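Model the full structure from these sequences, guided by the hints.
2 protein chains.
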Amino acid sequence: MAWVSATYLLESRADEVHKRAAALALEQSVEMPLEAVADPKIRDSIVARVASIEALDSQRHRVTLQLATATTGEDVTQLTNMLFGNCSLQDDVALEDVAFPPELLERFGGPRHGISGLRALAQAPERALTCTALKPQGSSPQALAQLCETFGRAGIDVIKDDHGIADQAYAPFAERARACQAAAERASQSTGRPVIYAPSLVGSPRRIFEQAERAREWGIRAVLLAPMLIGLGTFAEFVTTFPDFIVLAHPALGGATRISPVWLFGKFFRLLGADATIYPNYGGRFAYSADVCRALAHAAREPWDSIRPAMPVPAGGMPVERVPEMLEFYGRDVMLLIGGSLLAAGDRLAERSRSFARAVVQDV
Amino acid sequence: MAWVSATYLLESRADEVHKRAAALALEQSVEMPLEAVADPKIRDSIVARVASIEALDSQRHRVTLQLATATTGEDVTQLTNMLFGNCSLQDDVALEDVAFPPELLERFGGPRHGISGLRALAQAPERALTCTALKPQGSSPQALAQLCETFGRAGIDVIKDDHGIADQAYAPFAERARACQAAAERASQSTGRPVIYAPSLVGSPRRIFEQAERAREWGIRAVLLAPMLIGLGTFAEFVTTFPDFIVLAHPALGGATRISPVWLFGKFFRLLGADATIYPNYGGRFAYSADVCRALAHAAREPWDSIRPAMPVPAGGMPVERVPEMLEFYGRDVMLLIGGSLLAAGDRLAERSRSFARAVVQDV
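Heads up: the sequence lines are chains R and A, in that order. For what it's worth, this note's numbering labels the leading residue of the first sequence as 12, then goes sequentially. For what it's worth, this note's numbering labels the leading residue of the second sequence as 12, then goes sequentially.
These are calculated hints, taken from the structure and not from any lab test. Keep in mind it's a predicted model, so treat the numbers as computed, not measured. Be careful, since some hints might not be right.
One copy or any two copies: either way a pair holds, since identical chains are not told apart in the list.
Below, in silico cross-link-like pairs of lysine to any residue (SDA-like), each with a Cα-Cα straight-line distance of 20 Å or less [stated by the list, open to error]:
no. : residue 1 : residue 2
1   : Lys-52    : Gln-157
2   : Lys-30    : Gly-328
3   : Lys-30    : Arg-73
4   : Lys-30    : Val-372
5   : Lys-52    : Glu-107
6   : Lys-30    : Arg-54
7   : Lys-52    : Glu-224
8   : Lys-52    : Ala-33
9   : Lys-30    : Arg-60
10  : Lys-52    : Pro-152
11  : Lys-52    : Met-12
12  : Lys-52    : Gln-153
13  : Lys-30    : Gly-295
14  : Lys-52    : Gly-357
15  : Lys-30    : Glu-332
16  : Lys-30    : Gly-294
17  : Lys-30    : Arg-296
So this is what it looks like as C-alpha cells:
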C-alpha cells in the first residue's frame, strides 16, 4: 500500500493535539467516526494515519498524516480534495508540505519543458532570463502589440500578458494574441534573437482549450495560466493536452488559501507541469519574506526524482534597480519579471526595458 | 458603464487606509502605478475606484471598490480574478461581499432548479428535506449501493456520495454510480416515493463531463460538485452544459480562502447555478458561528432579482437529536444533511435513518 505524506500546521495545545490530529486524519479520509467504520480493510488501508506530531511551541504542532494513495484515484482534483478539501474549512489547520509516492510523481509528471526547455526556446543556456507584462488592461490590441514589439526590440526574453488580460470586448483574445505574436515575430526578426510572447488564457475549460488551439496555429509557444483560478484539474488536463506549450503558472487566487506558498507555487504547480512559476518576491507589494522566496525557488529547482526543474519567476512591483540584488539572491536559474516599473518610465519605456535586459544579459 | 461593487475587509490603520485602498484598486484592475496609465479612457473606465471606506475599529476598515464590469469579460474565472486574484496574496485583505450589475446576473443566471425544482423532484412541496451521505470511501460499489437502498427505504429524500468518493479503483465511478442509482430506484419502487441519488463528480473537466453524460443515461437526476475544487469556471460550464441536473454544491477547498463563506457559499455558488449549497453548520466539526450560518442561509434564499433561491444544506457532524433545533433555526426551506451520525448507529442504521426522516416529515 502506498501513502501520501501530508504535513499540516495545527494550532492546538499539547494536551489536545493527539485528539485533534486523529480527528484530522478522519476528516481527510473517511469523514466519519472511526468506531462506525466496520470493515477492517478500510480501517487498515483507507483511514488516514497520524505518522508524527512535533511541537513547535505551546500552541502549534507540525502533524504529518499518511493519506492512502488509493483514495486519490491518481487524479489531481481528488488528491487536492484529500489533502485540503474539508479541513480548509477549519481555521486551525494549514497545509505545509506533501511527499508523494513514486506512482503519483509518474502520474503527474512535472514540467514538460522546465528550465532547460525554456532556456532552449530563449536561446539562453546559462544567464538569467527576463520577462515583462503587457498592460494595462483596457488597452487595444494594437496598443498591446506595439508595447510587445518595443519590449522585444529592447531584448526582453519573455513578454506575457498581464494576468488581468482575458477575453474582454476592448481587446478580444483572437485579435490581441495574434497581433502580439506578430509583433514578437517582427521584434525577433529585427534583433535576430528569440522573442517569446505568452498570452494569458482565462476562462472556462472549453474556452481555454479553444484559445490554446488557436494560439498554437498562430505559432505561439508559451502561455500564462493561473492554476488555482482555472482549477488544478483544468491546469493538469491542459498540460497533458498541449505538451508543446511552455507553461507559465500565475499565483492568482492561490495565496488566499492557508496552503504554504512554498509548497503550492514551488512544488505542487511544478509537479502538475508548470515550466515556470511566478510568485511575489520579497520587498514588493506582497508580504512574502526572503526566507519564503528562497525556499520557494529551491522547491521549484531542487532535484526531485524524474521531475524536471521549473523556473522560478519572482515578481510583484520589482524595479530595475533591484536586478543585481535579485541575481545575487537567486543565482542564474531564474527569470526576473518586471512590469509596472518599465511602464512607469513613460516615454523612456524602451530605454528602461533595454537597461533591464542588459543588466541581466551582461551579468555573467 | 457598469461596475461590480466588491467589498473587502482591510486590516489597516485610519491614517493609512486611503492609500491602502487606492493601492488595492490598482492591484485589482490595471496592476500598475496610476501615473503610468497614460490613456484617459482607461483611467476613467477601467481603473477600479474606491467607492467608500468605513471604519470598523482602529485596525480594520470596510472598503468598497467599483470594478469595471468590462474587465470581467462576463466570464466567471476572470470575474474571480478581478475580485480576488492578486489580492488573495496579500494578508491584510479579505473579500466580504459583491454586488453585481444586472448583466452579470443575467449572464450567470443562478440555479436552474433551485429550491422549487428540488422540492418538485422530491415531491415535498412544503416540509424540510433530508439528505445523507454514502460512506466510508474504500467501500465496494455493492456495499455503497446496499447502504443507499437502506437510506432510501428509511425515507430519506436525497442520498449523495461522500465528497471523498471519486473514481477510485476500489469503487470505480461507473460501477458505483449505476449500482447506487439502481438501489435508489428499488427503494423508490418499494416505498412509493422519490429517492434521489446524487453521485459525486470529481476530476478534470473532461472526466467530470464524461461522468455526467453517463449519469444522465442511467437516469440520475442530481449530482454533487465542489466548485472551488473543480474550478469555478468548470462549475459554471457544467451547469450550462447539463441544465437538467439538480446541482448540490460542496464547500471543499472553499474555506481555505479569505473569502466570506456567506458570500462564497451562500451567494456566489447560487449565482453560478448551485441548486443547493452544503456548508458546515454551527456547533459541529467546523468553526462557523450561528450568525454566519443564518446569514449564509439568508443569502442562499433571499429574493434576488430573477435569480432562483438555492436550498441551504447545513451539515458537518450533525446528530439526529439536533433536527428540531435546526428546523427551528432555519425554518422549512432547508435540507438537513446527516451522515456519520446515522452510520455510527451500526446495526441500528435503518432505524436511526427512519428516525431522521420521520423527525423532519412529521414536523409540520
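Verification of the supplied hints:
1. Lys-52 / Gln-157: Between copies only: 18 Å across chains, 64 Å inside a chain, cut-off 20 Å.
2. Lys-30 / Gly-328: between (44 Å within a copy, 16 Å between copies)
3. Lys-30 / Arg-73: Within one copy only: 14 Å inside, 38 Å across.
4. Lys-30 / Val-372: Neither way: Lys-30 and Val-372 sit 56 Å apart in one copy and 36 Å across, limit 20 Å.
5. Lys-52 / Glu-107: neither (29 Å within a copy, 44 Å between copies)
6. Lys-30 / Arg-54: Within one copy, since 17 Å is at most 20 Å while 55 Å is not.
7. Lys-52 / Glu-224: neither (46 Å within a copy, 32 Å between copies)
8. Lys-52 / Ala-33: Cα proximity of Lys-52 and Ala-33: one copy only (18 Å, versus 57 Å across).
9. Lys-30 / Arg-60: The answer is within: 12 Å in one copy meets 20 Å, while 48 Å across copies does not.
10. Lys-52 / Pro-152: between (60 Å within a copy, 15 Å between copies)
11. Lys-52 / Met-12: within (12 Å within a copy, 61 Å between copies)
12. Lys-52 / Gln-153: For Lys-52 and Gln-153, the Cα distance is within 20 Å only across copies (15 Å; inside one copy 63 Å).
13. Lys-30 / Gly-295: between (41 Å within a copy, 16 Å between copies)
14. Lys-52 / Gly-357: For Lys-52 and Gly-357, only the inter-copy Cα distance (17 Å) is at most 20 Å; the intra-copy one is 67 Å.
15. Lys-30 / Glu-332: Result: close neither inside a copy nor across copies, 52 Å intra and 24 Å inter.
16. Lys-30 / Gly-294: between (40 Å within a copy, 18 Å between copies)
17. Lys-30 / Arg-296: between (40 Å within a copy, 13 Å between copies)
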